[in-house]
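Protein chains: 2
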Amino acid sequence: MPELRYDLVKKTWVSVAGDRALRPNDFPLARKNLEAAVSLFCPFCEGNEQYTPPELAVRRNAPGEPNTPGWDLRVIPNKYAAFELTGEFVEQRNGMYRSCTGLGTHEVVVESAQHDLEFHQFDRARIHMLIKVLVERYRVLAQDPRIRYIQIYKNRGMVAGASLEHSHSQIVALPLVTRENQGMPDYYEANGRCLLCDMMEQEFKRPERLIFEGEHFIIMCPFAPRFPYESWIVPRDHAENFGDMTPGEMEELSSLLYHYSRAVIDGLSNPAFNYVVNTAPVNSGPTPGYHWYWEIVPRLLIESAVEVASGIHMNPVAPELAAPMLREALLAAMNAGV
Amino acid sequence: MPELRYDLVKKTWVSVAGDRALRPNDFPLARKNLEAAVSLFCPFCEGNEQYTPPELAVRRNAPGEPNTPGWDLRVIPNKYAAFELTGEFVEQRNGMYRSCTGLGTHEVVVESAQHDLEFHQFDRARIHMLIKVLVERYRVLAQDPRIRYIQIYKNRGMVAGASLEHSHSQIVALPLVTRENQGMPDYYEANGRCLLCDMMEQEFKRPERLIFEGEHFIIMCPFAPRFPYESWIVPRDHAENFGDMTPGEMEELSSLLYHYSRAVIDGLSNPAFNYVVNTAPVNSGPTPGYHWYWEIVPRLLIESAVEVASGIHMNPVAPELAAPMLREALLAAMNAGV
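As they're listed, the protein sequences go chains W and S.
The letter at position 314 of the first sequence is residue 314 when you use my numbering, and the numbering goes up by one with no holes.
The letter at position 129 of the second sequence is residue 129 when you use my numbering, and the numbering goes up by one with no holes.
Simulated from the structure, these hints should not be mistaken for laboratory data.
Treat the hints with caution; some may be incorrect.
It does not matter which identical chain is used: a pair holds within one copy or between any two.
What the hints assert, rightly or not - Below are the EDC-like pairs computed for lysine to aspartate or glutamate, each with C-alpha atoms no more than 20 Å apart in a straight line:
#: 1; residue 1: K205; residue 2: E65
#: 2; residue 1: K10; residue 2: E240
#: 3; residue 1: K11; residue 2: D186
#: 4; residue 1: K79; residue 2: D123
#: 5; residue 1: K10; residue 2: D116
#: 6; residue 1: K10; residue 2: E203
#: 7; residue 1: K10; residue 2: E91
#: 8; residue 1: K79; residue 2: E46
#: 9; residue 1: K10; residue 2: D198
#: 10; residue 1: K11; residue 2: E118
#: 11; residue 1: K132; residue 2: E203
#: 12; residue 1: K11; residue 2: E165
#: 13; residue 1: K205; residue 2: E252
#: 14; residue 1: K11; residue 2: D198
#: 15; residue 1: K10; residue 2: E307
#: 16; residue 1: K10; residue 2: E55
#: 17; residue 1: K10; residue 2: E189
#: 18; residue 1: K11; residue 2: E307
#: 19; residue 1: K11; residue 2: D72
#: 20; residue 1: K205; residue 2: E91
#: 21; residue 1: K132; residue 2: E251
#: 22; residue 1: K11; residue 2: E180
#: 23; residue 1: K10; residue 2: E251
#: 24; residue 1: K79; residue 2: E249
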């Protein structure tokens, strides 16, 4: 059973796989695995459904049994999940150490049946389908009272942490709330207002970091970005929870992602990237002050020892210089029509 | 002037270079730079002293002027420093945003004149010389009252964040104390005892994560390691500050690093790695509860979106399985004699 352990020095939780010792040569970065990854067998491809655990959700383009060809998008459990949804949440003590069972889920959304069709090449309909499926899975997972946080994300490219090429997103459901976005509830407690709402108000006054203003969403570079060319897609109206998106918002978000993912790929010379959804905890009582947002992080640098040691990210690109470049790239993508 | 900005959501500081826009193709990961890095010109090589800023400290093996050939080890300012030691520490406000000038220093220790001699290939004398120079620079930097934290570290290999091959360490002196190791003072405040002293006491009782016991230092895998095969070299006796090491401790640490760096390279199939020195703040009043330690982090995985988003590291190797492997590799390195 996987385990979460509390790091007493860093005051964070770490997910530790207890029962298998991955040898150094088993890691995706090992040379032989790098070579294997670019070729050969892909468990996410159409026709290989029997090599993955049975699907949890599916969108089909042709009638057929579950786990057979004819699908457009599949949601499957991660075969190497760090979490298992069994039993109750129990915190254990071992002397001064704290840990808990890795209660939770880890799902993979295979975004297309085609091996080489990437996120930034999807048509609007496919991105819209993906967003709807992510919201659907979010709502399903939030129904389990043991789940406290749902983390949706994507790794694209080896230096963004991807181990498989075939385009996919992931959903991890956790039994605890990380303190990573603790600034939001803390700001609310101190000021009685939402941090991101206040932030947008300030950004509108002098829009040097603003990339785009839509009806429901804006795109901006944050004031203190950890990563070069990091940007956020933020709901304009206060909205705590990703799972509460309306159909109109989902449609606009899909359209923005359709253009903006092309802009990031073209404008930044085809970078590896992550997207991550930051949202309010679930099953945790009221969560005022949280405001969900979609973060896009190009991975142009590898985190060095400074980040490992001090947590201080060294960002060589000021967001006031990144925003105009991303704005221009977005305009180009929009003008390219399609 | 570089700048530190406060990330209101993550509640951490970010170093942002304000005045230059690194274009996507300027980053070390860009294909053309990867190719360039493996060949061509190296500013750290003997004979190229004029391509670096003037040296701050040096160990010579032949008499000669500063910044001329005949040296064994050089300390130079980082040409692309994120910090500058000028003026006073001033915190600025811009509406809700906080920032401060990037007051501090960023030094590079070129560990050898030879381009292809790596840390794990150094003889004992060279490692001893390096440790003594690190302690010396630490003590010099700590004399400036504007400096609050001194971060010593090394990036070895591209996936550990290195952009130059030639073996070097780095020293960043910061105007503020990061909260990354806040668990140590917090534990002291809650328990009136040192976290690491208590931790070692517990580890000795059931030494499943212990790798080595020396006279002054132990080597262990921590209970909640963020990285696979992460290990710590910890002073056995309570010692807050890296700069307070005695000559006897420096000698033992050098000898341990001599063997253990070989063990990590051989035992883990030549991984990229970081070392980082965790230590107490300086010029910050009493710092009880801090206990310095030398952390060695093989970089076998690239941090994925889960770490970026939630701060929860996913470690596929339990420290109870990593420790025996590292123990065996260390024994082999020690038995190889040399």
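When the hints from earlier in the document are held up against this structure, which numbers fail?
1, 4, 5, 10, 11, 12, 13, 16, 19, 20, 23 and 24
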